[in-house]
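Protein chains in written order, with the working numbering: chain W, 62 to 271; chain X, 226 to 520.
What the hints contain is simulated information worked out from the structure, not anything from laboratory work. A virtual CB, placed ideally from N, CA and C, is assigned to each residue, including glycine. One or more of the hints may lead you astray.
[What the hints assert, rightly or not] Pairs of lysine to any residue, SDA-like flavour, derived with a Cα cap of 25 Å:
| id | chain 1 | residue 1 | chain 2 | residue 2 |
| --- | --- | --- | --- | --- |
| 1 | X | 299 | X | 270 |
| 2 | X | 476 | W | 225 |
| 3 | X | 445 | X | 409 |
| 4 | X | 419 | W | 227 |
| 5 | X | 415 | W | 224 |
[Said to hold, decoys possible] Listed next, with one range per pair, are the computed distances between beta-carbon atoms:
| id | chain 1 | residue 1 | chain 2 | residue 2 | range |
| --- | --- | --- | --- | --- | --- |
| 6 | X | 389 | W | 250 | 56 to 62 Å |
| 7 | X | 516 | W | 148 | 47 to 53 Å |
| 8 | W | 244 | X | 389 | 26 to 32 Å |
| 9 | X | 517 | W | 86 | 37 to 43 Å |
| 10 | W | 148 | X | 518 | 52 to 58 Å |
| 11 | W | 197 | X | 473 | 31 to 37 Å |
| 12 | X | 476 | W | 215 | 19 to 25 Å |
| 13 | X | 478 | W | 169 | 45 to 51 Å |
| 14 | X | 473 | W | 83 | 31 to 37 Å |
| 15 | W | 105 | X | 399 | 38 to 44 Å |
| 16 | X | 518 | W | 121 | 42 to 48 Å |
[To be verified] Covered, in the sense of this in silico footprint (three residues per stretch, anywhere, with C-beta under 8 Å from a C-beta of chain W), are these stretches of chain X:
| id | region |
| --- | --- |
| 17 | 334-344 |
| 18 | 482-490 |
Below are the chains, spelled out letter by letter.
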Amino acid sequence: MLKYNRLRYKGGELKIAEKKALKRESIIQTALQLFSKNGFHKTTIPDIANTLKMSVGNLYNYFSSKDVLAKEIIKYTSEVLGAEIRTINNMDISSEEKIYKIVEVYFTMAKERPEMIEYFLRVYLSNREVFNDGCEGMICVSGFITEIMIFFDDAVESGSLRNQDFFSAFGLFMGYLGGMVFLKGEDVLPKDIEFYVEDISRNIYHALKV
Amino acid sequence: MKKPKLLWLQSITCNGNAHSFFNHPDFFSILSHFELIHHPFIDTAHDLEEVLALSVECDILVLEGSFQEEGFLKKGIEVSKVIEHYANESKHIVTTGTCATFGGMFKQANPEKISGFAFDGEEKSKRYERYRSKLISLPGCPIHPKWLSFVLLMLAKKKKIVLDSMHRPQELYGITVHTGCTRNEYFEWKVDTKRFGLKEGCLFYEQGCQGPYTRGSCNKILWNDISSKTMAGTPCFGCTEPTFPQVAMFKTKTNMGIPAKMPLGVSKRAYLTLTGVAKSIKIKRFSEKLVDYDS
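Model the full assembly from the supplied sequences, consistent with the hints where possible.
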């Protein structure tokens with residue numbers, strides 16, 4: 062009987078942990094949307110709690126401050142995007158095709174989940190004082206950067222991209238994509254962002270190839 | 226107790242391992258455990274002509290130098306035939322140095338024909354199966370004198386030497402040259418050294434150091450009991466590895482700034498994740514001189 066009770070107790074505990082993880086992710090996703098849409102400083106913890114229909118106090122049980130939440134969000138977006146690029150890295154296709162797929166994934170995300178990219182451009186890069194303590198350099202975006210590094214390393218090793226300093230290649234690739242998404246966010250692109258995938262991936266490949 | 230008979234036989238060699246062994250502080254004490262049949266530089270009971278005539282006996286064969294099946298002669302005799310004769314006769318074969326073990330430096334002269342005794346680079350040679358039961362690999366260019374004394378004394382005492390898949394003693398080659406390096410803090414935080422001979426910085430990122438993926442105990446069993454290459458500020462050349470010598474030994478091969486070869490057993494993804502974090506944190510102490518000679 063005792064054993065049965067223990068099992069039941071453990072089962073219950075697991076359920077609570079799962080529930081907490083789900084709640085945590087829903088806070089991240091809601092905050093991500095609000096921060097991206099209204100800006101970091103204009104969004105308050107009560108705004109996020111209200112949108113989620115939870116109490117401010119309960120939200121603080123998950124994230125001790127708005128800054129902590131902001132750092133967790135950048136880690137989350139970096140992991141999501143990194144996982145997409147990891148899938149591409151593991152494909153048995155040429156570097157040229159991988160560039161196409163990375164551009165496609167990035168622009169599709171900008172269209173379908175614009176908050177993911179907007180957060181990076183308009184919150185992470187624009188509020189450095191929030192991220193300086195704990196998210197220095199690449200700490201909070203390593204999930205994404207690591208996959209880009211692996212892409213470049215494989216491409217040079219296979220002889221398709223020219224060997225050069227990482228940042229000169231990285232700047233060309235991601236600066237270009239970030240710039241396009243920024244223009245999309247400003248609503249100045251005359252065409253749908255997906256229209257640009259082919260030309261942009263070709264431009265990147267030709268700029269970086271051997 | 227009868228002392229084991231020790232025969233030191235050379236093939237294509239620069240004599241570097243024999244010279245290195247002379248540096249052992251207990252050289253004569255170690256030799257006293259053996260009946261020295263022949264050694265190229267020591268006045269021994271039997272001269273080279275007797276050895277080449279296949280008229281001596283041996284229990285332990287120390288082989289130095291790369292192996293060539295045909296065309297490397299001493300006094301008109303094929304050395305490979307002499308080696309194979311004593312390899313058959315002996316109880317233990319110690320391939321001493323990277324040349325005898327994998328082919329090493331001399332293999333570069335004729336990669337098709339020159340190899341190690343039982344290995345050709347990373348591959349097993351056709352002699353491997355025949356001699357595997359008595360084979361001990363001791364790669365290094367040259368070997369550390371204490372690596373050889375460890376093996377010889379273990380054999381003299383009839384103790385078991387645990388070997389890895391390439392027959393290297395695990396006690397000596399189970400760790401990498403990186404283990405024990407005094408620059409490990411700089412490696413952890415990814416701080417480069419800017420040139421050779423400095424006390425500060427790690428040599429892995431720019432200067433070609435192969436310590437993190439080279440098997441050997443150079444930073445555990447110090448050279449001349451004092452130091453090592455990496456401690457002194459020059460890169461490890463990976464001289465114990467079957468791929469030695471690699472090209473451009475003073476420069477780290479990188480792909481877009483990322484080291485092409487990873488520390489032993491570490492995946493690139495794991496390495497890059499840690500590197501990205503470590504590089505993002507600036508620690509003041511690692512940007513400073515360890516000893517301020519101007520103060």
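Hint check:
The straight-line distance between the Cα atoms of residue 299 of chain X and residue 270 of chain X is roughly 19 Å, inside the 25 Å bound, and the hint therefore holds. This hinted pair checks out: residue 476 of chain X and residue 225 of chain W have alpha carbons roughly 15 Å apart, not beyond 25 Å. At roughly 13 Å between alpha-carbon atoms, residue 445 of chain X and residue 409 of chain X fall within 25 Å of each other, so this suggested pair holds. Between residue 419 of chain X and residue 227 of chain W the alpha-carbon distance is near 19 Å, which keeps this suggested pair within the 25 Å criterion.
Distance check on the hinted pair: residue 415 of chain X and residue 224 of chain W sit about 21 Å apart at the alpha-carbon level, within 25 Å; holds. Restraint check, residue 389 of chain X to residue 250 of chain W: a C-beta distance of roughly 60 Å satisfies the suggested window 56 to 62 Å. For the pair residue 516 of chain X and residue 148 of chain W, the beta carbons lie near 50 Å from each other, so the given range of 47 to 53 Å is met. In this structure, residue 244 of chain W and residue 389 of chain X break the distance hint of 26 to 32 Å, their C-beta atoms being roughly 58 Å apart.
At roughly 51 Å, the beta carbons of residue 517 of chain X and residue 86 of chain W sit outside the given window of 37 to 43 Å. A hinted range of 52 to 58 Å holds for the C-beta pair residue 148 of chain W and residue 518 of chain X, which are about 54 Å apart. Evaluation of the 31 to 37 Å hint for residue 197 of chain W and residue 473 of chain X yields a pass: the beta carbon distance comes to about 34 Å. For residue 476 of chain X paired with residue 215 of chain W, a C-beta distance near 21 Å keeps the hint of 19 to 25 Å intact.
Judged by the Cβ atoms, the range 45 to 51 Å given for residue 478 of chain X and residue 169 of chain W is violated: they are separated by roughly 36 Å. Between residue 473 of chain X and residue 83 of chain W the CB atoms are about 53 Å apart, so this pair departs from the stated range of 31 to 37 Å. At roughly 58 Å, the beta carbons of residue 105 of chain W and residue 399 of chain X sit outside the given window of 38 to 44 Å. Look at residue 518 of chain X against residue 121 of chain W: about 54 Å separates their beta carbons, and that is not inside 42 to 48 Å.
Restraint check on the region 334-344 of chain X versus chain W: 0 residues with Cβ-Cβ distances below 8 Å, three needed, restraint violated. Counting residues of the region 482-490 of chain X whose C-beta sits closer than 8 Å to any C-beta of chain W gives 3, which meets the bar of three, so the coverage hint holds.
Consistency with the previously given hints fails for numbers 8, 9, 13, 14, 15, 16 and 17, ordered from lowest to highest.
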